[in-house]
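Asks: Sequence:
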Amino acid sequence: DTEYGTLTGVITLRYNVDNASDQEALLDEGYIDIAGFRVGKLYSWWDDDMSGETDTLASNETTHNSIRYQYESGAFAAGISVDELEDDYATKPGEGPNNFGVAGQVSYKAGAISAYLLAGYDTDTSEVAVRGIVYADIGPGTLGIAGVWASGANYYYEESEWTIAAEYALKINDKWKITPGFQYFENIALEADGNGFTGGSAYTTGVTIDYQIVEDLRTKLSVQYHDEDEGDDEVFGFLRFQRDF
Numbered sequence: 022d023t024e025y026g027t028l029t030g031v032i033t034l035r036y037n038v039d040n041a042s043d044q045e046a047l048l049d050e051g052y053i054d055i056a057g058f059r060v061g062k063l064y065s066w067w068d069d070d071m072s073g074e075t076d077t078l079a080s081n082e083t084t085h086n087s088i089r090y091q092y093e094s095g096a097f098a099a100g101i102s103v104d105e106l107e108d109d110y111a112t113k114p115g116e117g118p119n120n121f122g123v124a125g126q127v128s129y130k131a132g133a134i135s136a137y138l139l140a141g142y143d144t145d146t147s148e149v150a151v152r153g154i155v156y157a158d159i160g161p162g163t164l165g166i167a168g169v170w171a172s173g174a175n176y177y178y179e180e181s182e183w184t185i186a187a188e189y190a191l192k193i194n195d196k197w198k199i200t201p202g203f204q205y206f207e208n209i210a211l212e213a214d215g216n217g218f219t220g221g222s223a224y225t226t227g228v229t230i231d232y233q234i235v236e237d238l239r240t241k242l243s244v245q246y247h248d249e250d251e252g253d254d255e256v257f258g259f260l261r262f263q264r265d266f
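Basically our numbering = 1-based index in the sequence shown + 21.
Read the hints as simulated data drawn from the structure, not as lab findings. Some hints here could point you the wrong way.
Heads up, simulated DSBU-like pairs for lysine-lysine below, C-alpha to C-alpha not over 30 Å straight-line [said to hold, decoys possible]:
{"id": "1", "residue 1": "Lys241", "residue 2": "Lys196"}
{"id": "2", "residue 1": "Lys241", "residue 2": "Lys192"}
{"id": "3", "residue 1": "Lys62", "residue 2": "Lys241"}
{"id": "4", "residue 1": "Lys130", "residue 2": "Lys241"}
All of these numbers come straight from a predicted model, not from anything done at the bench.
Construct all of the structure, not just a fragment, from the sequences and the given hints.
Replies: If you want it as structure tokens, here you go:
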């Protein structure tokens with residue numbers, strides 16, 4: 022503890038191991054935090070999407086070198102961050118790395134309902150993306166509904182002009198959770214100069230299954246189907262085992 026509040030720091034390393042000779046260690050996060058201020062390499066609010074694996078509610082990398090401040094008072098929170106957008110854009114042509122963006126988020130929780138409103142402004146493209154997510158505890162699970170709108174292709178969101186998504190995370194018992202989801206994208210094609218969206222639509226639907234094998238050992242299975250105008254449909258997913266320490 023300090024006169025300004027609790028001083029904390031986080032360093033998270035991630036190892037990618039392909040074989041005995043091909044291995045790589047990466048810094049996943051590394052930051053200091055005090056009195057609501059956080060500085061370093063950290064996950065942005067755009068990384069906080071829904072719990073299932075069906076939705077795509079952010080574009081490009083969601084970890085940045087950032088400076089951010091978040092104010093919290095009971096059920097209400099509001100924050101602002103300045104992010105170094107240091108990687109190439111996934112789809113927009115001619116946009117390179119090392120720009121910066123500004124993001125802000127407000128959130129509120131009341132009983133079984135929580136809501137998040139997030140906006141990001143890309144200073145290089147002069148475009149903005151706005152995202153809203155609402156969760157509600159209903160029955161044995163949690164319903165999540167989200168939407169994103171982008172004024173044009175930008176680092177924070179460039180998948181489509183707008184999209185809506187929904188999921189229901191059904192907790193069967195302490196070991197099993199099944200999360201079906203659906204997402205619809207409208208105006209997915211970029212103009213020739215990459216500055217705006219022209220048309221086309223797509224959707225993704227699928228299911229995510231979580232199983233707690235034993236304490237601190239769990240597995241996740243994701244199976245998704247994606248279809249878009251003038252494009253091939255595809256089935257994709259993964260099976261992951263995760264050990265918690």
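Asks: Now, for every hint given, state plainly whether the structure supports it.
Replies: How the hints compare with the structure:
{"no.": "1", "hint": "Lys241 with Lys196", "result": "holds, 12 Å"}
{"no.": "2", "hint": "Lys241 with Lys192", "result": "holds, 14 Å"}
{"no.": "3", "hint": "Lys62 with Lys241", "result": "holds, 27 Å"}
{"no.": "4", "hint": "Lys130 with Lys241", "result": "holds, 28 Å"}
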